[in-house]
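Colleague: In case you want the letters, here they are:
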Amino acid sequence: MSSEKRSLFARATIAIPFLWLAVFFLLPFLIVFKISLSDDAVAQPPYVPALSFSEGWAALREKLALLDAENYAFVLSDWLYVYSYMQSLLLAGIATAILVLVGYPVAYAIVRSPRGLRPVLLLLVILPFFTSFLIRVYAWIGILSREGLLNQSLLSLGLVSQPLEILSTNIAVVIGMVYSYFPFMVLPLYAVLERMDDSLLEAAADLGATPAQAFWRVTVPVSVPGIVAGALLCFIPAVGEFVIPDLLGGSDTQMIGRTVWNEFAVNRSWSVSSALAILILLVLLVPILIYQRMQLRELESR
Amino acid sequence: MAMRKGLSPVTLTALAGGIAFLYIPLFLLVIYSFNDSRLVTVWGGWSTRWYQALPQNQALMDAAWVSLKVAAVAATLATILGTLAALALVRAGTFRGRTLFAGLVYAPLVMPEVITGLALLLLFVAIDFDRGFWTVALAHVTFTMCFVAVIVQSRLLTFDHSLEEAALDLGATPLRAFFSVTLPVIFPAVAAGWLLAFTLSLDDLVIANFTAGPGNTTLPMRIYSQVRLGVTPEVNAISTVFIVVITAVVLAASLAMKWQQGKAEGR
Amino acid sequence: MASAPLKPQKPQSVRRKFAPWTDPVAQPLISFRNVVKRYGGVVAIDGVSLDIYEREFFALLGPSGCGKTTLMRMLAGFEEASEGKIMLAKNDLSGVPPYRRPVNMMFQSYALFPHMTVSDNIAFGLKQEGMPKAEITARVEEMLKLVNLRGLEKRKPHQLSGGQRQRVALARSLAKRPKVLLLDEPMAALDKKLREQTQFELMDLQQRIGTTFIIVTHDQEEAMTVADRIAVMDHGKLVQVATPAEIYEQPNSRYVAEFVGDVNIIEAEVTRAASGDIALKSDVLDAELRLAQRADVKAGDRVAVALRPEKIRIGKEPLSEVHANCAQGVVYDIAYLGDLSIYHVHLDNGFVLKAAKTNLSRQIEPPIDWDDRVNLSWTPDAGVLLKS
Chain G
4 MSSEKRSLFA
14 RATIAIPFLW
24 LAVFFLLPFL
34 IVFKISLSDD
44 AVAQPPYVPA
54 LSFSEGWAAL
64 REKLALLDAE
74 NYAFVLSDWL
84 YVYSYMQSLL
94 LAGIATAILV
104 LVGYPVAYAI
114 VRSPRGLRPV
124 LLLLVILPFF
134 TSFLIRVYAW
144 IGILSREGLL
154 NQSLLSLGLV
164 SQPLEILSTN
174 IAVVIGMVYS
184 YFPFMVLPLY
194 AVLERMDDSL
204 LEAAADLGAT
214 PAQAFWRVTV
224 PVSVPGIVAG
234 ALLCFIPAVG
244 EFVIPDLLGG
254 SDTQMIGRTV
264 WNEFAVNRSW
274 SVSSALAILI
284 LLVLLVPILI
294 YQRMQLRELE
304 SR
Chain B
1388 MAMRKGLSPV
1398 TLTALAGGIA
1408 FLYIPLFLLV
1418 IYSFNDSRLV
1428 TVWGGWSTRW
1438 YQALPQNQAL
1448 MDAAWVSLKV
1458 AAVAATLATI
1468 LGTLAALALV
1478 RAGTFRGRTL
1488 FAGLVYAPLV
1498 MPEVITGLAL
1508 LLLFVAIDFD
1518 RGFWTVALAH
1528 VTFTMCFVAV
1538 IVQSRLLTFD
1548 HSLEEAALDL
1558 GATPLRAFFS
1568 VTLPVIFPAV
1578 AAGWLLAFTL
1588 SLDDLVIANF
1598 TAGPGNTTLP
1608 MRIYSQVRLG
1618 VTPEVNAIST
1628 VFIVVITAVV
1638 LAASLAMKWQ
1648 QGKAEGR
Chain F
10 MASAPLKPQK
20 PQSVRRKFAP
30 WTDPVAQPLI
40 SFRNVVKRYG
50 GVVAIDGVSL
60 DIYEREFFAL
70 LGPSGCGKTT
80 LMRMLAGFEE
90 ASEGKIMLAK
100 NDLSGVPPYR
110 RPVNMMFQSY
120 ALFPHMTVSD
130 NIAFGLKQEG
140 MPKAEITARV
150 EEMLKLVNLR
160 GLEKRKPHQL
170 SGGQRQRVAL
180 ARSLAKRPKV
190 LLLDEPMAAL
200 DKKLREQTQF
210 ELMDLQQRIG
220 TTFIIVTHDQ
230 EEAMTVADRI
240 AVMDHGKLVQ
250 VATPAEIYEQ
260 PNSRYVAEFV
270 GDVNIIEAEV
280 TRAASGDIAL
290 KSDVLDAELR
300 LAQRADVKAG
310 DRVAVALRPE
320 KIRIGKEPLS
330 EVHANCAQGV
340 VYDIAYLGDL
350 SIYHVHLDNG
360 FVLKAAKTNL
370 SRQIEPPIDW
380 DDRVNLSWTP
390 DAGVLLKS
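Protein chains in written order, with the numbering used here: chain G, 4 to 305; chain B, 1388 to 1654; chain F, 10 to 397.
Be a bit skeptical, because a hint or two may be false.
[As the list claims (entries may be wrong)] Straight-line C-alpha distance at most 27 Å; calculated DSSO-like pairs for lysine-lysine: (1) F:LYS290 <-> F:LYS363; (2) B:LYS1645 <-> F:LYS202; (3) F:LYS165 <-> F:LYS154; (4) F:LYS290 <-> F:LYS246; (5) F:LYS165 <-> B:LYS1645; (6) F:LYS99 <-> F:LYS154.
By construction, these hints were calculated from the structure, which means they are not laboratory data.
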């Protein structure tokens, strides 16, 4: 249908989900932003000012004047919070880099498998994603702990003389991230490699490229959009990860997702946790926008 | 060309390694759920005692029931909203706020759960909505509908638009054209979206932690509180049940879909 | 391929006398009045006015992007005109949604509903009308008979051959007995043999049921075979609307002459213009050009002359004398097509003329070979003077 005349049904398909997301996704972020400018108080809700439109415009303006950026000043001046951000970005970055290196060969291998086998292999990769995230992280505790299965095997094989300390370190956090986000990396890579025209490689070979040259000069450049999509799909949520650092990390693992939760649930400081959340959003704004752009372009391209 | 088609030793190793990496931890978890010993690191012989103990754990059973209810409600609503969102993105052409709309659909896919959870909680507090079953369900609808939208969207992109035009041309109103032609054809994607939304909701810990009320502990919340105390064979047992059920459902669904697709499109 | 032809009916000769567009009192069934369609700043349809009559088989012909499909989709109701009016049986169609128009369309992709059987596909439009069940069954049966698909009613579209799918699509779009049937490149997905056979079946069907058919095609042979009249389109405008013979023999422009069939275009200057006898001088021909045509030109006008290859006589025997409408040259290329051969002749001054000759004998060795010196000649009524 042309865009100038839209049926009632077409209007509803836009309005209903739009309204829902505006109320349950956009509005909450505005509230988070507002609370990040408020002060904590021993009250219910535990922050002031609590805006209320029923008290009239003058009262509202008076309360708006109470908003300030002191939570941000507090967060940014505390070295622990800054460290928390840096560590989140670093660990998520390392995990994402490893994911690209591990995920690419797997996606490539699935594409190279016999046609009939591909859906089965793909399902094998996706299946763990359907089973619980929490359970998958939990499974690693039993493997990585001091008396865990990894150390037991290494000791019995005589590869180490002392059990390795992996659990409760940042290494365990990175392992957990690589494991948990693995399907998110493989899927976009598979999609882009699967779409690649085989005649590109034949043309490269025809023009004198060895298989290795063809791979580095044709396959890899063609799959860059998949690499970027996969990397963003893993990196962005990994930065704010809570479960993995909480279960596999140690006391020095202060990733920002955990910090937000602690400020909220343990210190009961809603305004500081709001400010922390807004700062994560600011840090992730660029990658999120790039990701949305890519999705939108994918949508327009067909 | 045999040189590039098929698997070289290197790619085969990568594939085997990747699959092993994904499944060995789950496999070990399942094995140790049958461990007779309470010490998880010591093998004490085969036993099903932890499974027999599960039904007696009333708190766990309650949590599982809450989770199933939340997931069923959330997945159903999310499927409706997500399908509508996909239609809006693919079919409605350009409209004012389309970029914002697309941003709102895609952002929850990558948004760290801690932030989504906190934001939704603060919304519920601000509008004085008591935390309970519905707050978790509404929160789950919001983030899972976006996954549904992406799945349905990719199906709609390959959907032949002239099918719907043909229905209109033959006298069906837009609404009837949707229900008699478009929906049946894209149904496998809609069903896959529902299943994904259901498992995502069943699986979610962080958002539920923020938005659940005191009487509405979900299964992941219950498991999490036990996990924090360390690895126990009991948790292994409940995890195994979870894994087996989800795997069976997903496998059955994908087989059914494949069969359905084969029937509908002859491929 | 099991696509038996439709039952042959007694040949009808009505078709020859069918020409309502020449009748000043005939009322058109469909009327486009100054229709303009813009997409943003792009003009897709640029002021089209066109009348189509009841029982007519009308073709919209043009290259892709010329606006022919847009024009058809406006009639079906999938696009609204930006300006102008479209009338159907004296009713203004603007604002009427596709599902309320007595017009049905056969889609290029056929758009068969993959989840429905052949019968359900054909019955779909009737169900939307709320037709009683018994009547639907009877109508579906009738349609299956019409397109020779009985026995396949329980099949799903993917269990049919390409030709069978095309018939289902045709039956489905005819089931509601529309006033007008629109066919969007209906034979594009068929191979050549089947396409030709289907073209004749379609003509025969249209004769029998008497519905107005409008076909969109980029294939000029198809348009000329099936249509009573053809509208040749270019850049959203109608260039010429006429019968196939008129389009071919009396093209009104260089565009039409070149789009339909093979043609030599000779640029020339009018030297003498008398009624029915125009003399021209061309840089590429040594001899004078003479045309037996009435045209509004005067001495000194620059014009173009279209000359179809089959209208040129080609031979090795020398001409008795050098008169008008002749040329000499050397064969430098031969396109052997079986039934005829097209000779590309290099004239002495470098210009190339194409001449066709029917292969009357079964000789393998061509009577005229590469590098043969040949003489070309044509009659004064062979060429057409084009002003644009």
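Colleague: Hint by hint, note whether the structure agrees.
Modeller: Each hint tested on the structure:
no.: 1; hint: F:LYS290 <-> F:LYS363; result: 19 Å, holds
no.: 2; hint: B:LYS1645 <-> F:LYS202; result: 36 Å, violated
no.: 3; hint: F:LYS165 <-> F:LYS154; result: 18 Å, holds
no.: 4; hint: F:LYS290 <-> F:LYS246; result: 32 Å, violated
no.: 5; hint: F:LYS165 <-> B:LYS1645; result: 17 Å, holds
no.: 6; hint: F:LYS99 <-> F:LYS154; result: 33 Å, violated
Violated hints, in rising order: 2, 4 and 6; the structure is consistent with all others.
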